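Just so you know, the sequences run in chain order V and A.
The opening position of the first sequence corresponds to residue 94 in this note's numbering, with each subsequent residue numbered one higher.
The opening position of the second sequence corresponds to residue -7 in this note's numbering, with each subsequent residue numbered one higher.
Hint data in this document are derived by calculation from the structure and do not stem from the laboratory.
As the structure is a prediction and not an experimental result, all values here were calculated from the model.
If you want a taste of the chain V side facing chain A, the calculated C-beta under 8 angstroms gives, among others:
{"no.": "1", "residue": "Val117"}
{"no.": "2", "residue": "Arg131"}
{"no.": "3", "residue": "Met132"}
{"no.": "4", "residue": "Ser344"}
Here are some chain V residues the structure puts well away from chain A; computed CB gaps all over 10 angstroms:
{"no.": "5", "residue": "Ala150"}
{"no.": "6", "residue": "Lys164"}
{"no.": "7", "residue": "Glu260"}
{"no.": "8", "residue": "Gln271"}
{"no.": "9", "residue": "Leu286"}
{"no.": "10", "residue": "Arg321"}
Virtual Cβ for every residue (Gly too), placed ideally from N, Cα, C.
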Amino acid sequence: MSSVLYETPGPRAKVRNRISNVVVVVVLLGALAWLIHRMYVHGQFEGRLWRQFEYKAIQKELLHGLLNTLKAAGLAAVLALLFGAVFAAARISDHKWVRTPATLIVELFRAVPLLILMFYFYFGNIQFNLGLGPFWAVVFGLTLYNGSVLAEIFRAGIAAVPKGQREAAYALGLRKNQVVRLVLLPQAISAMLPAIVSQLVVLLKDTALGFIITYGELLYVAKQMGGRLGYGFPYIPTYIVTAVIYIGLCSLLSLLARYLEGRSRRRRKITGAPPPLPLTNDPGQGAPI
Amino acid sequence: MFSVLTDNWPLFRDGFWLTIRLFVVSGVLSLVLGTLLGAFRVSPVPALRGFGTGYVNILRNTPLTLVFAFLFFGAAKMQLALPNPFWTAVGALTIYTSAFICEVVRSGVNTIAPGQSEAARAVGMSFFQVLTIVVLPQAFRAIIPPLMSVLIALLKNTTIAAGFSVAEAGAIPAAMSERGENQLLTLLWITIGFLILIVPLIFLQRWAERRTAVA
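Bound conformation, chain V alone (with noise of 0.2 angstroms):
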């Protein structure tokens, strides 16, 4: 294997790889193990830690958090998606009056924290009693925050789609509207795919934030049970067990936003579609809060 930062390796550096592959080896093992007897030691595998979710009404009140945080996602998500569409299509639009506020808006709400979106949602409602949870003031942070950056990336996928396309298409005497409707964006869309599918992996994390507004969502409900006296403080078991299900989720669809970022560059060398654009989780384009 070559690399710009090293050749490929001769016999000597290849004995080396190998020795240092193993002290490598022998001292992660050694950082786990030190991990795993530190946990030991402070009795985090004591049975009364785990025992908790054994119980059915446990494992109920964990599914009900999961439901929460899909729930918020899922809604967060649709909106999200709308929004972003709605203020791509504002951007890339021929009136200066239409694209001016749409650029400052989508601009604006991907510089302010996402955790202050949700306060204003949240502070507000309680001052001027709305009648909104905590649940829509989640919803309607993810959905300002993540509908602005997918409507970079929307923007972004239809400017990536070669410029013949666009020009044979007013050519062809096609009004704007269809050029994007039926040029532009059957091409975009392979394009930005990928790109759409990780910003969703980062609204699925940041449900959590919920947390701190205090929305029953999945670290929610976990940060409840670790603090339970009779089964000796819980934290890290529960913690752990949260861990699991986070990290399970957002790979499955970190995978699934990989194997279309594969499958559209594929097809781009057959025939000649848009690059994919850039992971959002690779922090090119939005940030990964």
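Start from chain V and add chain A according to the hints.
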């Protein structure tokens, strides 16, 4: 509208000052840790590459709030807690952000074609010269704009510390709530504060993008 800010000026000042400190300290630490992890991921030793990959894949798929919760509530149970809330927040931000910086560094090095250093070696440059004259300058050009995005995200992410009773800017609304101040005006001022911090970074990023774009 101004009275909300002026009457509670010390609260805003201290909050944003703490935000800036969180940002700078965890920014520097994540740059160091992230570059190290990035170096792991392009190293010839498979175990190091594996460790880097595992670290990045786990941390990027974990909510930052969960990392915070782990360090604030979990670590104490193993007596691994950091000395005070400030450093705990720095720890959480650093652990999370360095995964993203690692990716930026890795992709930056990967953008350079092996032929570049092969040619450099062919004209007799030493490894050090290859690295400093040929590889790094090109890698930096590719890295700086996405690196700025990560740092901007880090600055915004500092607000999460508010959920763990660290009195940075994100914690101002809760404190103001106790004083019975107008919450929306408070939030407006916090938004303005963040814009003042972030907009220069965004312009810097745009400038770097133009500056470093391949002609």
